[in-house]
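As they're listed, the protein sequences go chains A, B, C, D, E and F.
Just so you know, we're using my numbering here: the first sequence kicks off at 139 and counts up by one.
Just so you know, we're using my numbering here: the second sequence kicks off at 139 and counts up by one.
Just so you know, we're using my numbering here: the third sequence kicks off at 139 and counts up by one.
Just so you know, we're using my numbering here: the fourth sequence kicks off at 139 and counts up by one.
Just so you know, we're using my numbering here: the fifth sequence kicks off at 139 and counts up by one.
Just so you know, we're using my numbering here: the sixth sequence kicks off at 139 and counts up by one.
Simulated from the structure, these hints should not be mistaken for laboratory data.
Hints are supplied without guarantee of correctness; some may be wrong.
Where chains are identical, the list cannot tell them apart; a pair therefore holds if satisfied intra-copy or between any two copies.
[What the hints assert, rightly or not] Pairs of lysine to any residue residues, derived as SDA-like cross-links and limited to a Cα-Cα distance of at most 25 Å, are as follows:
| no. | residue 1 | residue 2 |
| --- | --- | --- |
| 1 | Lys-223 | Asn-283 |
| 2 | Lys-314 | Asp-190 |
| 3 | Lys-223 | Leu-199 |
| 4 | Lys-223 | Arg-142 |
| 5 | Lys-314 | Lys-428 |
| 6 | Lys-386 | Glu-279 |
| 7 | Lys-314 | Ala-384 |
| 8 | Lys-314 | Tyr-206 |
| 9 | Lys-285 | Arg-142 |
| 10 | Lys-285 | Thr-332 |
| 11 | Lys-314 | Ser-217 |
| 12 | Lys-223 | His-263 |
| 13 | Lys-337 | Glu-157 |
| 14 | Lys-285 | Ser-217 |
| 15 | Lys-383 | Ile-339 |
| 16 | Lys-223 | Asn-282 |
| 17 | Lys-383 | Pro-330 |
| 18 | Lys-223 | Ser-173 |
6 protein chains.
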Amino acid sequence: MQNRLSNAAQFLAMEASYEDADVVVFGAPFDGTTSYRPGTRFAAQQMRCESDGIETYSPLLDLDLEDYSICDAGDVALSNGNTPKILSEIEEVAAGIINDHKKPLMIGGEHLVTLPVIEALVKKHPNIHILHFDAHTDLRETYNNEKLSHATVIRRCWDILGDGRIYQFGIRSGMKQEFDFALKDHHTYMEPFTVHSVKDIVAQLSGKKVYITIDLDILDPSIFPGTGTPEPGGITYRELETVFKAIKAADIELVGADMVELSPHYDTANVSTIVACKVLRELALLVASK
Amino acid sequence: MQNRLSNAAQFLAMEASYEDADVVVFGAPFDGTTSYRPGTRFAAQQMRCESDGIETYSPLLDLDLEDYSICDAGDVALSNGNTPKILSEIEEVAAGIINDHKKPLMIGGEHLVTLPVIEALVKKHPNIHILHFDAHTDLRETYNNEKLSHATVIRRCWDILGDGRIYQFGIRSGMKQEFDFALKDHHTYMEPFTVHSVKDIVAQLSGKKVYITIDLDILDPSIFPGTGTPEPGGITYRELETVFKAIKAADIELVGADMVELSPHYDTANVSTIVACKVLRELALLVASK
Amino acid sequence: MQNRLSNAAQFLAMEASYEDADVVVFGAPFDGTTSYRPGTRFAAQQMRCESDGIETYSPLLDLDLEDYSICDAGDVALSNGNTPKILSEIEEVAAGIINDHKKPLMIGGEHLVTLPVIEALVKKHPNIHILHFDAHTDLRETYNNEKLSHATVIRRCWDILGDGRIYQFGIRSGMKQEFDFALKDHHTYMEPFTVHSVKDIVAQLSGKKVYITIDLDILDPSIFPGTGTPEPGGITYRELETVFKAIKAADIELVGADMVELSPHYDTANVSTIVACKVLRELALLVASK
Amino acid sequence: MQNRLSNAAQFLAMEASYEDADVVVFGAPFDGTTSYRPGTRFAAQQMRCESDGIETYSPLLDLDLEDYSICDAGDVALSNGNTPKILSEIEEVAAGIINDHKKPLMIGGEHLVTLPVIEALVKKHPNIHILHFDAHTDLRETYNNEKLSHATVIRRCWDILGDGRIYQFGIRSGMKQEFDFALKDHHTYMEPFTVHSVKDIVAQLSGKKVYITIDLDILDPSIFPGTGTPEPGGITYRELETVFKAIKAADIELVGADMVELSPHYDTANVSTIVACKVLRELALLVASK
Amino acid sequence: MQNRLSNAAQFLAMEASYEDADVVVFGAPFDGTTSYRPGTRFAAQQMRCESDGIETYSPLLDLDLEDYSICDAGDVALSNGNTPKILSEIEEVAAGIINDHKKPLMIGGEHLVTLPVIEALVKKHPNIHILHFDAHTDLRETYNNEKLSHATVIRRCWDILGDGRIYQFGIRSGMKQEFDFALKDHHTYMEPFTVHSVKDIVAQLSGKKVYITIDLDILDPSIFPGTGTPEPGGITYRELETVFKAIKAADIELVGADMVELSPHYDTANVSTIVACKVLRELALLVASK
Amino acid sequence: MQNRLSNAAQFLAMEASYEDADVVVFGAPFDGTTSYRPGTRFAAQQMRCESDGIETYSPLLDLDLEDYSICDAGDVALSNGNTPKILSEIEEVAAGIINDHKKPLMIGGEHLVTLPVIEALVKKHPNIHILHFDAHTDLRETYNNEKLSHATVIRRCWDILGDGRIYQFGIRSGMKQEFDFALKDHHTYMEPFTVHSVKDIVAQLSGKKVYITIDLDILDPSIFPGTGTPEPGGITYRELETVFKAIKAADIELVGADMVELSPHYDTANVSTIVACKVLRELALLVASK
């Protein structure tokens, strides 16, 4: 093909080959258990289209995407309408990446897609800790009689990992029983509403292997309207930046990460997608550098 | 409660009690197999909110909703994420209405919701014919290896009814094999692109029991953008009016009807919802009067 | 001020001084009796902003705005919330224009603003006929117990003019009694749904003084979504063009005109406003040339 | 009717019967004096549609809607276009609720609807104090020569209550004379821009009967774009949460409340409506529990 | 990379390699001379994202994309802000495709991008004829004193080709002089407003080499709002289908084609992009098969 | 013309004649080098339409537009597509204002329009200092090989003014080299991310002549989505208010100002335009009073 023609459809500066890459970014376009506004299936694709709107250099972290080998490998091809089968397809992809000694960085989809990545990771890293950023508890035992749901995903992770391994921040919505699960019974650590304690928590996790899952609806709906279940009273982008700086400064090993719940068709002013792109850049720099 | 306060949430002039009603309108808020843009789950609710924008009298049909006993019974409560179970829940509701000697008029949801209503109807009326208005063939044997899908629903109806019972109009998208199924092998009758032959077909069906299913994407996307899979080149609203007049003039018995695939969150100018409301008024008048 | 700076806020090529003008365009930003979606108060202002998107030359009429003396005189300053007072303010403006031997061309606002212009005109031209283009009958005796309403405006004009003076086209929504008022009792002439008979009617009106009122919701909502009460099944823009050509060819005297019910905040794709601008250009050319 | 069908159109968990209810929620769909962008008439209806997006439990207040008897009684049926008559209709509804020994919680509509509720309340509770949250002073003696206007409503309340009874917070727009009325002449208490002093004020009001009126445009337009007169520089949702916590902690008796000025058709990303739903939940919990 | 991951960013079924392809599709993301609403630079990228919404089979033409070797080669990398240089970059790409014995099919960008493709084509095919579909004449000698402009592009083509080689259809906006250029002086053939004569014209061109340029604003704004200069009164999609059928039936050789002026950020309901995708499918099938 | 008709198209209360004015506001509708989302050409026009939504009195500054002589002189008429010529046209207008002993206050347009105003100003005031508020560094030597670009504009100003004259605030995006230009090599003063040091800087500038340029994308995209390159993590409107208060309190002479990069067609909820209007009011009050 001619030099002047280019058909790259990868996220900004994530153009390493799969073989050369240390971090593999992939999309998991699944929104099948979404109870309110669906559409997160379109997130990764839209982010690739919009990623030219940001720069490769992060002044916050003083790191640059161009200094790392990151491959945006595209979206997982998923079956249609069979939740358990879809989760196994995502787990297969995550396991492949991990077995190739690379780190997975997933773009959801709804939050349930975190579960198969955790299942793949614990086979290699049984002692991982999870930093969970979200507006919602996601701790229900079942939701509409279903065990596999965006509203139960962290409870399912707890089924695997048990007490003392999950740290929740920014939570501001859920049933009273879910808050009690964390705040009274201490099955997880939870800081409701805010993210002030991240710095202390990552200090406690010094030397540990850590996975980060960010439900972008932790951000206030003013900053991130393009999501299925917007919940007023969220954190600002600057508060999220304090999280990134705390993680950069911490002595932890990041074994992977994900960001979920961008629903671009509700992003009428197109700024949620740009927020998601910037979060992905910062996450990728953290995963690649730690 | 005080006289001046009212909390009606029923479609315009469809306020008969269930017991008194001859026609029962209900919503089936399911969009679980949608492959492109989801959101038809919100259709019935949004139509109720907007129905005040039209009148009860149809100058086209010279009939008035206020002269009939129609009950808008609300939405079916559905399980989450288990397609076969959801279909059985819809069938149960439809069967109840039919057994109470009333006619069902359903608002989708995606097109797959037509299947359980047909299943309920054939138990009472084994010889029904279906008039199918749509942009898409919906005749695939499977879609993504699934037999139950919005893209297979008319094929599933054919499984039940067999040759010579399904009449398709306005079809302008599908695989070549699907067009061959109809146009070469004549398993169904099909008029591609247009609806000119409706008048002749309903004359042929004189004295028969007939069910109408309208996938609103038969309308051109200019008229009906608020749908999951808009397909350019559709019919105009006035062409749809010729269908309504032909049915009114025909000597057929309408045993029920549905209209599907309004996805209101893509209806940015809010006119698709008004189109759907007007179609529901005309359909209700036809079902009630014939 | 410097030559390079310009602060014109007039509609395209309607920059004659009031004194020099033969036709005076003005806005009547009133939407106080709107029952469904308000906002026509913003129509004239938005049209001025968007009018650069069209040309001054009409290939349909083979006439050019630059060949006529037309003044866009701005919006009428209106009181707030007192309907009778507001109508008298509009009548005062219209009467001033008429007394200055100029023709009024008004941009609504809701349809009720037509009434004061008719009241001003009949003082000078007691024998005018009205060509009324609309989706709605507007013939109610009262609406919500009010005699002055967008839904009663043509009935109020009939109170003034009596039988045989009002010709209604494109009507497709109303109460049965309103259709009977026209079609059974012949108080007005009415062609429901379409505009085919305009050519014959204007031939009958040969030599007469005629006023044109266009409720833009006569157009199908696909063409004109930006209006308070969109009604499916309307005419196309090309059908409206046949009206303009018939009027151009007719031997009538146009004493004024109006176009109403653009509600620009519902015009999400910004095409209703362009349609309104083009209609205003054609109307202005007709009023100026006949 | 069948069990599986439901047609509830009430706000989330506000399903007590009117007779059993301690708090009666109702809508007042009036926007007749709105000077800029109209449309608040649609607020209560849209909030009912969207209220499923939030939970019944408030982690902020540690209270749950399911523990209280609240009735969403629907919207007041209003006359069309006659402001004094409409206000008397709202007052009649409010008076009925108060006489039935229930507390009114109103959803506007424009801010003028607060006036008839205050008029009804002072007949039973002549000594009420008003906590007023708003971007705008609303203290004009007249607006466009009208005494009854959204821009004069608090001045009208002051006409009834006099000095020392009205506390205004978050005010950031108005005429200099209005600010002087409060800040120089001390007819009302005013904290411009912010809400820091709410805690102190409610401490001063210990033992008193208090009414809360929240004009939602007190929130920054980034958080609440869906309103008629957005005013930059508003408070954040978290700052509003400090207000709710202060009120919960205070020793006051809440005799009623309202929230006004949601205009859902300007809420393109649909987050203003969710903000309004969450505010209504918190307000309802406060009114019910205090 | 793993089998399950795919990062194709090519238009539906246009996945041949450049070497194997008979038709090469490419984007020309330039909108630098746009006078009204810019944004066509985003068209090709957005169409690739949305092309999954249509099928590969065209029932209109009874042809299937999967039966042809078509390569979507991506967008031309363009300099910024220097119009002549940008045009030479596009010409270089087109010339490369032509010299490789493949046919170019370009997605604009504004209409000016047609010029460099014509310049490249005439070097190989000096006798080409152009079928030009558009709302606008595009025949000005200069626009704002510039010779290179979206409003002059067909005049520039005429500079190259001379009289009797350009056929214009659907034109409904321009200056009187431009219409005279075609209709009085016959420098081009022009059918204003409609496309009825395409069948006759292509019959006259039997045996000739033909290039097709479609400015998508030939379609009515109801069908295609997402464009820079929407012009009411355009053709319907079905009328465009008669063009495609006439071309398929004609005995002409298609040497290339383009479609221009999709501006996706104005496509609020996302249907203009689907229209553009379907037009590209039909155009590609015509270019590949003729 | 009649008294009741008015066609003012000037920004709120900026109705002084050019001759009487001390401050001249004008628009520079140029967006020709915009690399991402264009459309700032529409900013000034849209702001005039929306300015009625705010008041003339600023409670923040305790100043009122009605107390100053400000002329909104309209938009500069610009050539099309020739960047150097366009810049000279803007410079000519700015020089005229300055030579008439008035202060220029410009509404962009993209940021490049600042350059010709600076070029005009330095001829009269060679020692000006620039306060630059922005999300982006704008310090590139070239962008896409172009020296004149929105991404190089502050570097071009530095070419004129040299070290120690430019103060940058709120910067959060750019290449590492650009940050080094400021933070390591100190060619400009830069406070990244925030605006805390404005108070100290203006104290240092006591007695100096100062020009203010505000790229409105310094505000967080939640507050200001309607811009070409939204960048998450920006300042709040209240933080911008601290800037205005610091400038009011400082002992500096304002010789002019501009605000750029409002792109109203991306302002779906219409709040960015209101933010821009309020910023213009505060800027105008500062320029007029200092």
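Legend entry - Same-copy or cross-copy closeness of Lys-314 to Ser-217 [CA-CA at most 25 Å]: Answer is between; shortest inter-copy Cα gap is 23 Å, intra-copy 35 Å.
Inset, instruction - Please work out whether the CA atoms of Lys-314 and Lys-428 approach to 25 Å or closer within one copy, between two copies, in both situations, or in neither? - result: Classified as between: cross-chain Cα gap 21 Å, same-chain 36 Å, threshold 25 Å.
Legend entry - Intra- versus inter-copy proximity for Asp-190 and Lys-314 (alpha-carbon distance at most 25 Å): Between copies only: 17 Å across chains, 43 Å inside a chain, cut-off 25 Å.
Legend entry - Intra- versus inter-subunit Cα pairing at 25 Å for Lys-223 with Arg-142: between (42 Å within a copy, 14 Å between copies)
Legend entry - Intra/inter-copy verdict for Lys-223 and Leu-199 if alpha-carbon distance must be at most 25 Å: For Lys-223 and Leu-199, neither the intra-copy (39 Å) nor the inter-copy (38 Å) Cα distance is at most 25 Å.
Inset, instruction - Could you figure out if Lys-314 and Tyr-206 sit no more than 25 Å apart (CA to CA) within one copy, between two copies, both or neither? - result: between (44 Å within a copy, 15 Å between copies)
Legend entry - Up to 25 Å CA-CA - Asn-283 versus Lys-223, copy category: both (19 Å within a copy, 12 Å between copies)
Inset, instruction - Check Lys-383 against Ile-339 for me: Cα-Cα at most 25 Å, and say if that holds within a copy, between copies, both or neither. - result: within (13 Å within a copy, 28 Å between copies)
Inset, instruction - Check Lys-314 against Ala-384 for me: Cα-Cα at most 25 Å, and say if that holds within a copy, between copies, both or neither. - result: Between copies only: 22 Å across chains, 30 Å inside a chain, cut-off 25 Å.
Inset, instruction - Please work out whether the CA atoms of Lys-223 and His-263 approach to 25 Å or closer within one copy, between two copies, in both situations, or in neither? - result: Intra 24 Å, inter 38 Å, cutoff 25 Å: intra-copy only.
Inset, instruction - Please work out whether the CA atoms of Lys-285 and Thr-332 approach to 25 Å or closer within one copy, between two copies, in both situations, or in neither? - result: Classified as neither; 28 Å inside a copy, 45 Å across copies.
Inset, instruction - Pop the pair Lys-285 and Arg-142 into one bin, within, between, both or neither, using alpha-carbon distances up to 25 Å. - result: between (51 Å within a copy, 22 Å between copies)
Hint compliance for this structure: hints 3, 6, 10 and 13 are not met, and every other hint is.
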